[in-house]
Amino acid sequence: MERKIGVYICECGPNISEKIDIDKVIDAVSKLDGVSVAKRYKLLCSEEGKKYLLDEIKKQGLTHLVVSACSPRDHEKTFMEICEKAGINPYLFQMANIREHCAWITENKDDATKKAIRMTKAAIRRVRYHSSLEKKEIEGNPDVLVIGGGIAGIETCLQLANSNRKIYLVEKTSSLGGLINNFEKTYPNMVPGSDIIKQRIEDIKKNENIQVFTDSEVEEIIGFLGNFEVKLKKVSEENVPVEFNVGAVVLATGSSVFDPEKTPQYGYKKLDNVITSLEFEEMNKSGKISLANGEKPKTVAIIHCVGREKVGYCSDICCMYSLKFVRYLQDKIPNIKVFNFYSDLCIPGKTYQKFYEQTIEKNVDLIRSTDINIEKKANKISVIYKDENKNKKTLSVDMVILSPAVIPNSDTNKLAEITSISQGDGGFFAEEHEKLGPVSTTTEGIYIVGSAQGPKDISSTIIQAEAATGKILTSLIPGKKIEPEIKVSHISESLCIGCKTCLSVCSYGAITFDETKKVSVVNEVICRGCGNCVAACPSGAASIKHFTFDQLYQELVEAVQ
Amino acid sequence: MTKAIVINKTADQGLTEVLKFLLENDRVKGVFTLKKINKEGDVSYSLITNADDLKDSVPFYPLMPVNAAKILSRFTLKGPSDVPIVAVLKPCELRAFIELVKREQGSLENLFFISSTCAGVFPLEMGKERLIEKNLSKYFEKIKKLEILDDLRPVCRSCEEFVPYNADMTVKLIGENIDKKSIIFLNTKKAEKLVEGIKLDVSEKDLDKKTLDNFKSKRAEEKKKIFADIDKKTNGIDGLIDLFGRCIGCHACREACPICYCKLCEFDSSDCEYKPSNYEIELRKRGGLRVPPGTVYYHLGRLDHVTISCVGCGSCEDVCPVDIPLSAIFKKVGESVQKMFDYIPGRDPKEDLPITTFEKEELTEFEE
Amino acid sequence: MNKPKNKAAVVKVKSDIEKSVLDFLKKGMDNEIFDAVLIPMKVPAGDSFAYVLIKDKSLLKDASYLPPVMPVQGANAVSSITRLGKGKMKIAAVMRPCETRATVELTKLGQTDLENIILISMDCPGVLPLSDFVNDSKKGMKLFNESIKKEEDKEMRPVCQICDKSSMIAGDLHIGTLGAKKDTFFVISNSDKGDEILSKLKISKNEDLDSWLSKVKNISEEKLKKRKNAHKILKSQVGGLDNLLDTFSQCINCHNCMRVCPVCYCRLCYFDSDKVKHPSDDYLMRAEKTGSLRCPSDITLFQMGRMMHMSLSCVSCGMCEDACPMDIPVAQIFSMVADETQDLFDYVSGRDIEEPLPFVSYKEKELEEMEDAA
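If you're matching them up, the sequences are chains W, G and A in order. First residue of the first sequence: 1, per my numbering; consecutive thereafter. First residue of the second sequence: 1, per my numbering; consecutive thereafter. First residue of the third sequence: 1, per my numbering; consecutive thereafter.
It is possible that some hints are incorrect.
Simulated pairs of lysine to aspartate or glutamate, EDC-like, Cα-Cα distance not exceeding 16 Å [what the hints assert, rightly or not]:
#1 263(G) / 104(G)
#2 36(G) / 56(A)
#3 61(A) / 23(A)
#4 78(G) / 48(W)
#5 517(W) / 271(G)
#6 289(A) / 52(G)
#7 285(G) / 56(A)
#8 277(A) / 104(G)
#9 285(G) / 35(A)
Just so you know, the hints here were simulated from the structure itself, not pulled from any lab data.
Model the full structure from these sequences, guided by the hints.
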């Protein structure tokens, strides 16, 4: 079929017409092979302009369209829609940006005109090699997978539960609740931790829309927003995989604590009666706080910031719970003397100051210190430290509680790989943007909630759960169709020789290997068109639609000649 | 009688002057011809657009580094040339190009052809060893005396199609003192128009038919000898196995062949890959199997595919790493097949390929 | 693979090494340890050798475990049998160290399946250039045998003469002739498969390997010195754009080198594909830039492109140079560059089948010396 390329150059008011001699451009391109018409127009994006283009395409019987105007970011979509209305496939269109890339940055009119000619020619050369591409539509799946059954995951489930979708909650241990279950009380209201969580767990169990998998781990997640394929495995039984589809994934896998064995100066596991915060919470919940020999401690040192230097960040919650520990101790052992060793005190927010002031009223010493060493001294423990004035001091106590840094859960690496999201500072899941994208990630459709994203307290966790819920509710509307990427990779079956190099470099899991034919195959719905496979394939068997070798070569050869 | 330009220079220099005229006067935008590319005097085809670069051109250098049909095909594969180009080719190269054009692998539009009554080329090896310069005077001598030089490619020594078809200009080499004189025949109106205004002697001349026939019969004698030798060697499947036994399956012959144009040769495609079960079955039958398989099969296949258009250029043999006498085999089979259909490849661009034509009565001798 | 070796089995030579090795293989088939042997055999006309997959034991007597030439790279033979899967037969493949290494590389690239293949290599004296052999095979055979006897290598492929890995073990078993006591040879196991075969054949491996190890070390060190020297000279001859263009000035772009290379595995080479075929005005535009354009064009693009694609797996076998009709020293050049590219990643092609190809492995900190290049 004969090609009829229509070339239209927009004056863009004075923006282009004053800086570029448009008639010269028309002269230069109107006789090129395949160009049937080359014209200029005042403002192609105006209503009249759009109508003009529509009429021109029909009148001239055009098969391809080239528009030299502003940035494609402004109006590529506009002109593609006009093509569609006029009956040409919208991908038989190419735009040359002679405004931002030429008129607006070139002083000399001659130079600008020459450049505009070259850019328009390059677009014409490219468009000759364009192929029609068809839009695809698939049903968007509104369901959600929540990984992690602690307060973050539970809250997210409950928020999403009654919005016309199914929620799958996956927990690797045998029970829901997470860390909060271990806390006798939570600050600042000193309400029992179990109170917060028990009712919520009941609500989850009662809700028909939430399916809970305990003793289970996620094996594989492939896909994108609206279309994820999930594979689960029960931890105990090796051969019973569970598979289902969801539209979004929430990572709420929580955190754990830094291992003080890595900082031997604190004497952890070397001395009796030196315990971590989690161990102390457990001891406190059992009802009896005692030393290894069964006696009650009279003096306790609480060391803040354990491991802070090693991890390189402040863990947000430890100062507050260390104060909470003071209250635990004072409640159970009257007249106990507590010493809090800290490097900086972190008490943000509108309610915490009052809690702090009330806690330190009596029998508490806050000691600002550095270079702490914990050693055994007779049947007591010696805390050796340097005070604010760098003087070396020693304090003798019965028991030491270490408040270690909050670190990512051990599953974080595996899950980051499975979901192809990044890990940021400290190894926590990385949010899309520190300020402007706190719960989304670089993979669309994967959200992060709670201390899996970074150390935080319960109220911040609830905030994140509600935020992620909001994002999911607005982007995953039941019934809404998803349009997967059109400009995806394609691997020629006759040229592929099955070396699997493309498979190794695909970050989206979009390439599978057909064992019978011994060739790689692209899943067009999952492919994001990144082009890694095209670059990696030595023989050129892989190519990206709308960015084929010919299309790029033709454009380049004109542009750089 | 045909108009011809006569120049009292060597054939190389004489034609170069005409080529210079064509470029300088914008009659053509480019010239394809052989050119010296370095100080050692190595020769390669070049597309020359600047008349100054013609100073190194050696259009009739007796070497064929690549069959020029492949180069012209590459040049016009994606579409005909927009501008007039002149190409200086040997008769077999021109014929091969026309065979490619028939298969949509090139275009004749805007191309002018200059050829010669061809005296043949030396094998690639001599070019590699840089022995051609010192053999040039011997070459010219033999040409003048209508004798055949032993050192040439076997297919050249036995080539009977040394008068070009479809050339716009033909340069007389055979029987001429090309060391001193160059005669360029203007065969077509196009050719005359191209050189309009050239300040050189144009007179009416003739390619002496008697001389050419005489030379042809000498070449025919050589052919008889070479074909008889091949006949002996290719006796039955055992003969083929002996002949192709040393083949390493590099497929260089296919790459060098101007007629082999497939993007992906069938013998490289997955069609010719064997599953392990195929090997196991063969082993059970025969006890031993050469691997990779299909050594002779590949050559038989290629003979089947290309011989209808084989122009006997000899490029295949020159690139063979194990010196299999391919060119004689292919030339012999080629001529037999072509004879069956009264077909000479490249004789006429309008003549259809025999495999694409249907005659109700044909090859009746096989019906018995 | 890659088990620490300081003990090996020792086999007594009955008449000559060739016959004894074939006996060893026959024993393997007799005891059904493997069902077939892939080994070179002389072709019917006697002017060359070819790999033959042998199931009928009686054919073994005409086989040659150490032929004087390498017409086909053994890795290509193994790939042709196993690319589409492993089959039911267990096959013992006998080939030189560089061929075994190339087979390992091809396995990493999905082009062979080694599950039912037993790779057997031997101490290699090198091979003669093909063209020297095929036109006078009697003379060639004599030349080869004399070279082995005199422990000389000046007749061999240029890359063989500077090969420091001529006894490298990349497969399952290795026939060690160097340093062995008179009328014996070592059979060295390098894998569980190898161990299993020796035990099934009731050959115990409890002989000291020190004499082989030290002889191999000496030869390898000497060759390495020769290699470094040769590379220094070659670099000065080929280095820099002018020298490079000069070196390849006789190249006719026939792509033979690519086709015989075991590492070049693409079905349709990038440099044979549509991507290097351009419209006429492109060629004209290029010609106009300098006044003329050499045809066929893009020869340097092909050579450097091929080098970029295969260098990390190059095993310096020298097939490319044997196949070049214009006698360009491609093997020497490519193998010199391969030494350096593999060095960059601390990689030796074919050394370890578990070692991932550098091209597809990601390390966060890598090639930092390049970061300052800006």
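A quick look at each hint next to the structure:
Annotation: proposed proximity of residue 263(G) to residue 104(G) holds, straight-line Cα distance about 13 Å (limit 16 Å). For the given pair, residue 36(G) sits about 56 Å from residue 56(A) by alpha-carbon distance, which is inconsistent with the 16 Å threshold. Taking the CA atoms of residue 61(A) and residue 23(A), the gap is near 9 Å; set against the 16 Å cutoff, the hint holds. For the hint pairing residue 78(G) with residue 48(W), the CA-to-CA distance comes to about 40 Å; that exceeds 16 Å, so the pair is violated.
The suggested pairing of residue 517(W) with residue 271(G) holds, with an alpha-carbon distance near 12 Å, which does not exceed 16 Å. Our distance criterion of 16 Å between C-alpha atoms is met by residue 289(A) and residue 52(G), whose separation comes to about 13 Å. Taken as a hint, the residue 285(G) and residue 56(A) pair is honoured in the structure, with Cα atoms around 10 Å apart against an allowance of 16 Å. Restraint check for residue 277(A) and residue 104(G): satisfied, since their Cα atoms lie roughly 15 Å apart, inside the 16 Å limit.
Between residue 285(G) and residue 35(A) the alpha-carbon distance is near 15 Å, which keeps this suggested pair within the 16 Å criterion.
The earlier numbered hints that this structure contradicts are 2, 4.
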